[in-house]
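**Q** Next come the chains, spelled out residue by residue.
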Amino acid sequence: MKLKIRKNLPLIDQHDKNFMYGGKFGGNFIPETLKKPIDDLTKLFGKLRKNKNFLKERDHYFETYVGAPTPFIKLENLTDHLGGAQIYAKVVSEANGGAHKIYNATVHCLIAKKAGKKYVVGDTGAGYAGKMLSMAAKKFGLKCKIFMGAKDIKRQRPNVEAMRKNGAEIIPVTTGSQTLVDAVSECMRYWVSNCDTTHMCVGSTVGPNIFIKICAWSTAQISRELMKQVKEEFGIIPEKLKLINCVGGGSSAAGFWNEFMNTHAQFIGVEAGGPKNSKLHAAPLTNGSKIGILHGAAQYVIQDKEGQIGSTDSISAGLDYPGISPLHCFLKDAKRARYTSASDEEALYAYQLVSKLENISPSLEPSHAFAEAIKLAPKLKSSEVIIVNSCGDSLKDKDIIKQKLGSYIR
Amino acid sequence: MKSKIALAFNNCKKEKRPALITYTVAGDNTKNNSLKILNKISKHADILELGFPHNTPIADGGQIQGSSHRALKNGIKLKDVFQIVKKFKKNNPHKPIILMGYFNLIYQNGENNFLESCKSSGVDGLIIVDLPYPENKNFANKCKKKSINFIQLLSPTTSKDRIKKIIKNSHDMIYYISMLSTTGGRLKVSPKKILQNYNTIKRINPKKNLVIGFGITEKTISSLKSANGLVVGSMLCKIITNSLKMGQNPVTKLDKVVYNLKKKII
Ligand SMILES: Cc1ncc(COP(=O)(O)O)c(C=O)c1O
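First to last, the sequence lines map onto chains A and B.
Under my numbering, the first sequence is numbered contiguously, ending at residue 410.
Under my numbering, the second sequence is numbered contiguously, ending at residue 266.
Examples of chain A residues lying across from chain B (beta carbon under 10 Å, computed):
1) K35
2) G176
3) V181
Covered stretches of chain A (in silico footprint by chain B; criterion: 3 or more residues with CB under 8 Å from a CB of chain B, positions within the stretch not fixed):
4) 22-34
5) 193-200
6) 304-311
Don't read these hints as lab results, they were simulated from the structure.
The beta carbon of each residue, even a glycine, is placed where N, CA and C say it ideally should be.
Whenever a hint applies, use it, and build me the whole structure from the sequences.
**A** Here you go:
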């Protein structure tokens with residue numbers, strides 16, 4: 001059965017009474033203890049998103065604190081170099097803190113304040129979600145704890161230092177693969193024990209339904225800006241337009257596409273394909289993983305026959321996650337978006353090429369999206385337009401890049 | 001016909017004591033040992049909970065995670081879990097056994113398939129940590145049709161209204177989570193407070209068997225003995241961990257510990 005996206009309803013609201021998208025993705029597979037806090041949060045957010053003052057407040061902080069709008073630029077040199085479609089970038093890495101994770105973090109802190117909570121906790125992989133939550137928490141006077149896999153703490157040092165500077169307590173997670181999947185689990189377990197005093201922020205469009213909603217609602221700012229910028233640049237939405245975004249949990253892509261949902265723009269999501277000759281990857285949509293339950297939601301997820309969650313591998317900590325947002329599962333099955341993957345090597349090459357030719361230097365996550373743009377552009381006509389969401393800055397990946405390529409340029 | 005779970009509670013009520021309910025993980029630390037453990041502790045315990053391990057548990061504390069990790073490292077599969085139950089039931093046909101775990105394993109196995117295996121191996125009840133009410137209605141009904149108890153959970157955060165609905169939808173046993181915690185947290189609420197909450201719930205339907213779990217150890221168990229049943233889990237997992245560390249036999253160790261727990265509530 002082909003699923004259908006409805007026209008006059010925001011994507012995040014297209015679920016049934018069990019909070020499932022397309023009848024099979026999402027939901028709330030949670031312990032009883034979390035039912036009430038999640039219910040409370042659902043009600044509060046439902047009210048706030050209809051409240052004019054709250055929207056004003058959000059817009060105020062997006063403008064003055066996050067720094068909206070982020071630039072929309074043509075990558076002239078890359079376009080010339082590849083000789084095909086015109087390539088543009090939405091430089092979301094110019095947002096305060098250096099990535100799209102600031103939108104979700106800011107909104108969560110505003111909500112936590114309204115809920116009267118004094119503490120926030122969050123998970124992080126690449127360290128951006130944690131860095132931004134620690135920043136926003138500091139700004140809004142909340143105490144902050146971040147759960148991060150021990151492997152990621154080692155490989156994303158600059159963001160770890162930023163979190164420390166912002167006064168956040170970093171809890172290293174040493175269970176399992178010691179990456180994002182374990183950080184999210186540990187953060188949820190912490191929330192089970194502390195949900196009476198503490199607000200939880202899930203760092204991407206994953207987890208129980210309300211966290212998917214809040215996150216996608218927050219990152220939607222990216223495409224609100226982009227819609228205006230595209231119309232200013234081209235007068236119309238170009239007839240052949242591709243919006244390319246990397247997907248880990250999927251928050252950046254969901255925000256990048258949202259306003260274009262009912263247009264003819266094509267959406268391409270790029271997952272982490274992992275090392276070139278490895279069986280391991282972090283691309284459940286590309287590789288046909290089965291539906292399973294991870295972190296409270298049904299989704300396509302890397303797992304074995306029994307239902308044990310599988311190991312992943314990616315050079316990019318932010319994409320190194322076995323699951324994917326139920327929203328993207330829905331978009332995939334409704335054929336509204338197409339998903340593919342880029343390998344570690346392709347992402348590194350894309351980082352290098354873009355950094356060399358242009359004034360931007362994407363981190364390893366958006367480099368996966370650039371890798372797809374680099375593959376596609378030469379095959380397309382010059383009347384076609386590709387926009388890549390450059391949602392993170394390479395600075396955090398300096399160590400890895402140096403080690404892999406021998407030198408780091410920015 | 002009364003379920004074995006209901007009969008176990010009746011028995012305890014006659015003896016004016018709570019049911020002692022243990023939790024261990026299938027395959028911890030080996031398939032053989034976990035079966036031996038069940039055989040031994042069933043002499044003292046009234047109902048046995050057996051965890052089928054998942055590698056991404058969102059509500060388990062460190063002790064149970066440790067046990068699950070050991071079991072999975074030993075390659076435990078669902079079919080082994082059922083085998084353990086089957087072998088146990090051969091010698092102990094009347095002792096109720098409850099499987100506890102996360103929904104994804106059932107989802108991948110297929111609900112009907114899973115319940116079939118429960119039935120043929122002799123499982124009496126199920127606790128599914130991440131399948132709360134009302135999402136569990138469908139599956140709980142399937143269980144009921146197969147005469148398998150679906151055990152609902154209540155927590156200190158559950159609203160009164162919700163408690164009533166859940167009790168209405170419950171079978172022979174309801175599980176009250178003593179505090180806001182993953183499994184194995186230290187008891188951070190006083191037993192008095194826990195019993196207060198417990199009694200409020202109990203008054204809604206005094207006939208239902210309501211048990212308390214999370215954070216119960218040999219130190220706290222006797223202060224909660226007015227409940228219909230008490231679950232001890234993480235403490236047992238911890239003892240397995242410690243005896244392995246010290247090169248002791250976890251089977252004899254656990255036998256002793258559960259015997260002592262029982263003594264504290266009779
Ligand atoms: C820069 C950047 N891009 C992308 C991601 C992937 O997350 P998502 O798919 O939610 O955007 C991350 C996650 O940490 C990130 O830091």
